[in-house]
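Chains as they are written, first to last, in this note's numbering: chain V, 1 to 294; chain R, 1 to 294; chain A, 1 to 294; chain F, 1 to 294.
Hints were generated in silico from the structure; no laboratory data involved.
Values in this document were obtained by computation on a predicted structure and should not be read as measured data.
C-beta atoms are modelled at their ideal positions from N, C-alpha and C, and glycine is treated no differently.
Treat the hints with care, since some could be wrong.
[To be verified] In silico DSS-like links for lysine-lysine, alpha-carbon gap of 27 Å or less:
(1) A:K218 - V:K113
(2) V:K109 - R:K181
(3) F:K71 - A:K113
(4) R:K109 - R:K248
(5) F:K284 - A:K113
[Stated by the list, open to error] To give an idea of the interface, some chain A residues facing chain R are shown, with a C-beta separation under 7 Å as derived from the structure:
(6) S166
(7) G167
(8) Q180
(9) S195
(10) C198
(11) I199
(12) L237
(13) L260
(14) A261
(15) G262
There are 4 protein chains.
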Amino acid sequence: MKLAGVMPPITTPFENEEVALDRLRENLQRWNQTDLSGYLVLGSNGEAVYLNDKERLSIVEASREIIPSSKIMLVGTGMESTQETIRFTNQVAQIGADCALVITPCYFKGSMKPQILYDHFVSVAESSRIGILVYNVPRFTGINIEPELVARLSEHPNIIGFKDSSGNIGQLSEIVHLSQKNFAVFAGAAPVFFSALCIGAVGGILAVANVVPQEFCKIQILFNEGKIDAAKELQNLLTPLAKAVTVKYGIGGLKLAMDLAGYFGGKPRLPLQKPAKEVKEELKQLLLPINKKP
Amino acid sequence: MKLAGVMPPITTPFENEEVALDRLRENLQRWNQTDLSGYLVLGSNGEAVYLNDKERLSIVEASREIIPSSKIMLVGTGMESTQETIRFTNQVAQIGADCALVITPCYFKGSMKPQILYDHFVSVAESSRIGILVYNVPRFTGINIEPELVARLSEHPNIIGFKDSSGNIGQLSEIVHLSQKNFAVFAGAAPVFFSALCIGAVGGILAVANVVPQEFCKIQILFNEGKIDAAKELQNLLTPLAKAVTVKYGIGGLKLAMDLAGYFGGKPRLPLQKPAKEVKEELKQLLLPINKKP
Amino acid sequence: MKLAGVMPPITTPFENEEVALDRLRENLQRWNQTDLSGYLVLGSNGEAVYLNDKERLSIVEASREIIPSSKIMLVGTGMESTQETIRFTNQVAQIGADCALVITPCYFKGSMKPQILYDHFVSVAESSRIGILVYNVPRFTGINIEPELVARLSEHPNIIGFKDSSGNIGQLSEIVHLSQKNFAVFAGAAPVFFSALCIGAVGGILAVANVVPQEFCKIQILFNEGKIDAAKELQNLLTPLAKAVTVKYGIGGLKLAMDLAGYFGGKPRLPLQKPAKEVKEELKQLLLPINKKP
Amino acid sequence: MKLAGVMPPITTPFENEEVALDRLRENLQRWNQTDLSGYLVLGSNGEAVYLNDKERLSIVEASREIIPSSKIMLVGTGMESTQETIRFTNQVAQIGADCALVITPCYFKGSMKPQILYDHFVSVAESSRIGILVYNVPRFTGINIEPELVARLSEHPNIIGFKDSSGNIGQLSEIVHLSQKNFAVFAGAAPVFFSALCIGAVGGILAVANVVPQEFCKIQILFNEGKIDAAKELQNLLTPLAKAVTVKYGIGGLKLAMDLAGYFGGKPRLPLQKPAKEVKEELKQLLLPINKKP
Chain V
1 MKLAGVMPPI TTPFENEEVA LDRLRENLQR WNQTDLSGYL VLGSNGEAVY
51 LNDKERLSIV EASREIIPSS KIMLVGTGME STQETIRFTN QVAQIGADCA
101 LVITPCYFKG SMKPQILYDH FVSVAESSRI GILVYNVPRF TGINIEPELV
151 ARLSEHPNII GFKDSSGNIG QLSEIVHLSQ KNFAVFAGAA PVFFSALCIG
201 AVGGILAVAN VVPQEFCKIQ ILFNEGKIDA AKELQNLLTP LAKAVTVKYG
251 IGGLKLAMDL AGYFGGKPRL PLQKPAKEVK EELKQLLLPI NKKP
Chain R
1 MKLAGVMPPI TTPFENEEVA LDRLRENLQR WNQTDLSGYL VLGSNGEAVY
51 LNDKERLSIV EASREIIPSS KIMLVGTGME STQETIRFTN QVAQIGADCA
101 LVITPCYFKG SMKPQILYDH FVSVAESSRI GILVYNVPRF TGINIEPELV
151 ARLSEHPNII GFKDSSGNIG QLSEIVHLSQ KNFAVFAGAA PVFFSALCIG
201 AVGGILAVAN VVPQEFCKIQ ILFNEGKIDA AKELQNLLTP LAKAVTVKYG
251 IGGLKLAMDL AGYFGGKPRL PLQKPAKEVK EELKQLLLPI NKKP
Chain A
1 MKLAGVMPPI TTPFENEEVA LDRLRENLQR WNQTDLSGYL VLGSNGEAVY
51 LNDKERLSIV EASREIIPSS KIMLVGTGME STQETIRFTN QVAQIGADCA
101 LVITPCYFKG SMKPQILYDH FVSVAESSRI GILVYNVPRF TGINIEPELV
151 ARLSEHPNII GFKDSSGNIG QLSEIVHLSQ KNFAVFAGAA PVFFSALCIG
201 AVGGILAVAN VVPQEFCKIQ ILFNEGKIDA AKELQNLLTP LAKAVTVKYG
251 IGGLKLAMDL AGYFGGKPRL PLQKPAKEVK EELKQLLLPI NKKP
Chain F
1 MKLAGVMPPI TTPFENEEVA LDRLRENLQR WNQTDLSGYL VLGSNGEAVY
51 LNDKERLSIV EASREIIPSS KIMLVGTGME STQETIRFTN QVAQIGADCA
101 LVITPCYFKG SMKPQILYDH FVSVAESSRI GILVYNVPRF TGINIEPELV
151 ARLSEHPNII GFKDSSGNIG QLSEIVHLSQ KNFAVFAGAA PVFFSALCIG
201 AVGGILAVAN VVPQEFCKIQ ILFNEGKIDA AKELQNLLTP LAKAVTVKYG
251 IGGLKLAMDL AGYFGGKPRL PLQKPAKEVK EELKQLLLPI NKKP
């Protein structure tokens, strides 16, 4: 299995505020029929911060049943403390996750100096039974990992990749260039997916791929075939939707777009709420040209 | 019991990375001999984000045993999700907490619009068996609560106070002015404690009060006696230490200063680390003039 | 003449986009009848950045004619380059300015390290024939001067004061405490004027004092008489207007409020525009309780 | 003449703090021998904010003499006020500038709403005798122009292009996609020059092109020949130098690197200073692999 390609950070379906595993299984079965290379379970868009320990494990177990061995099962396991991160990473390894995505601890932002982060990730990597990917998402954490730090981390044999949701292509470019060979760098911001491929990213972990998975796979397929202009054009077509279901309307918007695209989206967990009514119409309009495309 | 005065957000002692309840009890017994009006258990400086559910409960239980009924027992119960916050708030109410401090949910910063926050706090207040205080700490959460929102929240009978760690006195001043009578507004940033008293705050929940509790009580005593200049002078004397054990050296610095002041500080939990060696000397120097004071 | 008290950063009247000196003279004559201790000419709110060299000099000259020797005439003279700042400072000294307010150079924000700023201000002070005050306004410049730097600058005999528009009372408090005796620290943010007096500021240079000069003088008079609660109450009454004519509606709002208060406000220079029509009604409502006050 | 390709924002040589036009002429004569498509005169890196009116005109006149008609002469003319911007733009048009680069006014950041900026740029375009390009440089101005606004501005026949120094490739990508055909979008941040070409930028206005002009021309030549990997590789080789002479060491660093590369760099104007001594060695090391390249 090659660590590359397009993966959605899968959303967590709720019914009456409770985790709805059957809905999750149905979504996965549909996604399995696309060219998605794998899944990120318990990512930011999986509302992992709103789930308790028991719910998290149930989601990992249910996903493991449905995700075929031909697709990557990446699980978000980063906690604020180093020891909890190690504990949970090995728990999901036990259930059968292929690798783990570890977010930068961030509550005490001012204290998260590069060496502190380095020690954290290396400690987790040392004790983890599966490979880990480092996750940089300044929009949520308020901290950014510098390319030099990623380069150092990439030297550890059990730190196998990186997801960058900053959207900063200059930084991503440096990371690809400075990190070790075979270190898998993923874009985490869909509006720059095409750009990320240009500078050497191996794939994307993209919220909007919950909604239009095959379209984002297509960008990478076109790019790999050397059809640069067609890949860029498809990116431009998809960018407005990608922005709407992340920065603009958040997870409520993402789930609403999933409903419109035939998946189970449903409501996010409180305090998150569904977007206002008019958003539905806007998302429909954004999906229209994508569906019309030959 | 009046909701006012100086309270430390008590630190969590660790020995070999495990919670050391005996050390916590010893600290509380010493603090009990001061004019502190109460305690915040499981605040930011209590490293609440590094504790699992079981550890949190054990700390609340141990604290309840030692905190006399004459002092306020405030417990930090805010989680990212509304339902977990309610669940945990009622759990600590059951153990005997007097009131709960509820932080702004913050992971999905961009989605935490005023109405979302309003709904969250009101839902928690509606379902909580004890009064709640709203906690604003932009340095950690990346979001700020505007005075207008606090004013609206203060109208709810079960939302009884506010802790502001932004250090923004203009904002705090508006909050005191706009909120309902008897709504208890606390400063959360020690360098502006004196200023906060000037504009009408009823007290302070101050990290540095773990180290020099009586000195901060003294500021308020002097202020209440109309000895404004003496209060201001004492504040100026304490400000450098207050900055060192928060913004400058974080919880590692706070715990080191506690060790120097005769409390059990110890090490923070990983990924946090002890400050560099030279910090010990610096903190000693900062404590010197305070101890010398007649 | 004592460097203290309330001063407005006087606005620049325009008629048909041209500087209207007569209107300026009329405003000054009215302000002269209040307890204002002086004026800041060519401050931010004077739209100094929109004026050319000739216009600036004409304004300084016209102001000098009308400002009595009993009131302070402070002139904003800070430019991006050190040599232009010195040149212009001595030009206004020649015309009769009492002292000069020098803003932090800010275009190359990333390069404006503390030592660079120190060298700039000291160079200006060395070559200036009048005393200079340092001006900190992060909202416009994007940089902040730390208390330690202000303390060092206060040691220079020709650096005689400081205006802080950050609104950060903790910082202002440290500046008052750390700087040399007789170094005049002014608040530059009206919503924290009362708080600034509490921590030892000698006065305020306040945009809203263009509109309601006597009311802000009254806050300081009450404070000096020890009528702390009355001073605080008056501050609370004035804060909403103060916010409206700065952060909320900018100079367009400030000038509109001046028109409503019987001064000549007029339009700001393009690209600034007058606020939308409904703002007039809002400002009227904000002025109402102030005028009603016995 | 096609508006495209690589242009340096030429630095302003000073000797004894005075503009040294002869040095400027010598630099231009050397640059003329490269594939640079033109020059930006009086850009940020030209220290335009440190020059008075007379100096600015002398630089434009001296440049006009040496820049051949086959190369673009773009001049920075943006001032804070609309009328000064128009006046100066037409002054440089009179001297023979081909087009003008107009920065976002920025002193009153909070007031620079999209419609205010739109009105400013359209007013300038209406009254300017040469075409204008809009200049977005949030690092210096503290404000950012959104793609939607650029798209609207691109509809005006006399607004002919855009320089983006934000380094935000997602945004640049949207701007290229949303703006009118033949609207010339330039990258202003050298580390993302290759990425900018991938998403459709027509060229770059790059500080580091003062130092290694031909190398950046080469990136675009390789890209245009379809040698994507070679272009990317060259970009990676040049990125560390590009960062050093902008974000890291500012104009002092840029000028020092020019000295090392055989141009006249000299010192920046005060308050800017030359970088510390050890920077010279660092820049030498960064230039080494570039010069060694076959």
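Evaluation of the provided hints:
This hinted pair does not check out: K218 of chain A and K113 of chain V have alpha carbons roughly 48 Å apart, beyond 27 Å. This hinted pair does not check out: K109 of chain V and K181 of chain R have alpha carbons roughly 35 Å apart, beyond 27 Å. For the given pair, K71 of chain F sits about 37 Å from K113 of chain A by alpha-carbon distance, which is inconsistent with the 27 Å threshold. Restraint check: the Cα-Cα separation between K109 of chain R and K248 of chain R comes to about 25 Å, which is no more than 27 Å; the hinted pair holds.
A hinted pair counts as satisfied when its Cα atoms are at most 27 Å apart, and K284 of chain F with K113 of chain A qualifies at roughly 24 Å. Interface hint status for S166 of chain A: violated, as the beta-carbon distance to the closest one in chain R is roughly 10 Å, over 7 Å. Nearest Cβ of chain R to the Cβ of G167 of chain A: about 5 Å, under the 7 Å cut. The hint holds. With a cut of 7 Å, the hint placing Q180 of chain A at the interface with chain R is violated, because the nearest CB-to-CB distance is about 15 Å.
The restraint placing S195 of chain A at the interface with chain R holds, with a minimum CB-CB distance near 5 Å, inside the 7 Å limit. Interface restraint check for C198 of chain A: the shortest CB-CB distance to chain R comes to about 4 Å, inside 7 Å, so the restraint holds. The criterion of a C-beta within 7 Å of any C-beta in chain R is met by I199 of chain A, whose closest approach is roughly 6 Å, and the hint holds. Taking 7 Å as the C-beta cut-off, the interface hint given for L237 of chain A is violated, the closest approach to chain R being about 9 Å.
The interface hint given for L260 of chain A is broken, as the beta carbon of that residue sits about 23 Å from the closest beta carbon of chain R, more than 7 Å. Hint status for A261 of chain A: violated, given a least beta-carbon distance of 23 Å to chain R, over 7 Å. Because the smallest distance between the Cβ of G262 of chain A and any Cβ of chain R comes to about 28 Å, over 7 Å, the interface hint for this residue is violated.
Hints 1, 2, 3, 6, 8, 12, 13, 14, 15 from the earlier list are contradicted by this structure; the remaining hints agree with it.
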